[in-house]
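Chemist: When you get a sec, could you build the whole thing from the sequences and use the hints?
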Amino acid sequence: MQTYRPCKVLENIEIAPGILKISLGINLNAKPGQFFMLRADSFRQDPLLARPFGVCEQIDGKLVFLVQVVGKGTRLIADLNEGDGVSILGPLGKGFEKTNDKKIAIVAGGIGIAPLLELAKNLDTKADFYAGFADEPYFVDEFTSYVNKVVTSSEKKEGKFILDKLNPDDYDLIYACGPNLMLKALCEKNTRAKIQISMEAHMGCGIGACLGCTIEDVNGDFIRVCKDGPVFAAERIFK
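For the sequence shown, this note's numbering gives the first residue as 189, with consecutive numbering after it.
These are computed hints drawn from the structure, not numbers from a lab. Be careful, since some hints might not be right.
In silico BS3-like pairs for lysine-lysine, Cα to Cα no more than 30 Å straight-line [unchecked claim]:
#	residue 1	residue 2
1	K291	K337
2	K219	K309
3	K415	K209
4	K250	K260
5	K260	K291
6	K337	K260
7	K260	K286
8	K353	K282
9	K344	K286
10	K309	K250
With beta-carbon atoms standing in for the labels, derived distance ranges [to be verified]:
#	residue 1	residue 2	range
11	D312	K282	29 to 37 Å
12	D229	E423	37 to 45 Å
13	D272	K348	20 to 28 Å
14	N269	G249	13 to 21 Å
15	S333	K372	14 to 22 Å
16	A397	S230	21 to 29 Å
Even for Gly, the Cβ is constructed at its ideal location relative to N, Cα and C.
Modeler: Here it is in structure tokens:
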């Protein structure tokens, strides 16, 4: 059974309002799409639970994550400085599966961009990358060396969603991570592509024990996002 391991913050920088990139000094290998539970030493007993984060990059004994500040736990992580202590559990869950498909798209919604960089770097075929944001785009430049093209949208500036710029039927395979409403809309728009989706959910333990991230699939079965996912074939989640 996996246990929490201690590590230190190497870097923690704000890349957009309320969005930080944190680098931790620890040598752990994860499959693209897997995640880790992070708990800052400053958590003490409040908040009690660790927070889940998808792996953004793995570089020479360093793990990189993107953090969106949404509450007390993520605020404490955002406030960490170089040398501060963090406990980490993982890698956890099921990641993205590579296939032999040649026409591939990667679709991100907001902070859902985080686990998709490591995926883009590891695909055998370069994909087209689509990223939608509520306001100004962030972190998209990191993808340019690993994809064919980058397409972005800003709801605030353009009044458009990223799915307005994407025709799923142009592709054989689509990898997607973002808000559940975006994933559902993508599946409804698609008629031919295979889609792998990474689901977002509140998690308590990250190992399937607490059942806090349980959702219902199309067959009426209850599944755990942390243990059975977070990556699923889209047809298992959305009709």
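Chemist: Each hint should be assessed against the structure and marked as holding or not.
Modeler: Taking the hints in turn, this is what the structure says about them:
1. K291 x K337: holds, 13 Å
2. K219 x K309: holds, 12 Å
3. K415 x K209: Holds, at roughly 25 Å.
4. K250 x K260: holds, 25 Å
5. K260 x K291: Cα-Cα ~41 Å, so violated.
6. K337 x K260: Status violated; Cα separation ~37 Å.
7. K260 x K286: violated, 36 Å
8. K353 x K282: holds, 29 Å
9. K344 x K286: violated, 34 Å
10. K309 x K250: holds, 16 Å
11. D312 x K282: 29 to 37 Å: violated, 20 Å
12. D229 x E423: 37 to 45 Å: Taking Cβ atoms as reference, D229 and E423 lie about 42 Å apart, which means the hint holds.
13. D272 x K348: 20 to 28 Å: violated, 40 Å
14. N269 x G249: 13 to 21 Å: Holds - the Cβ-Cβ distance for N269 and G249, about 20 Å, lies within 13 to 21 Å.
15. S333 x K372: 14 to 22 Å: At 31 Å between Cβs, range violated.
16. A397 x S230: 21 to 29 Å: For S230 against A397, whose Cβ atoms are near 25 Å apart, the range 21 to 29 Å holds.
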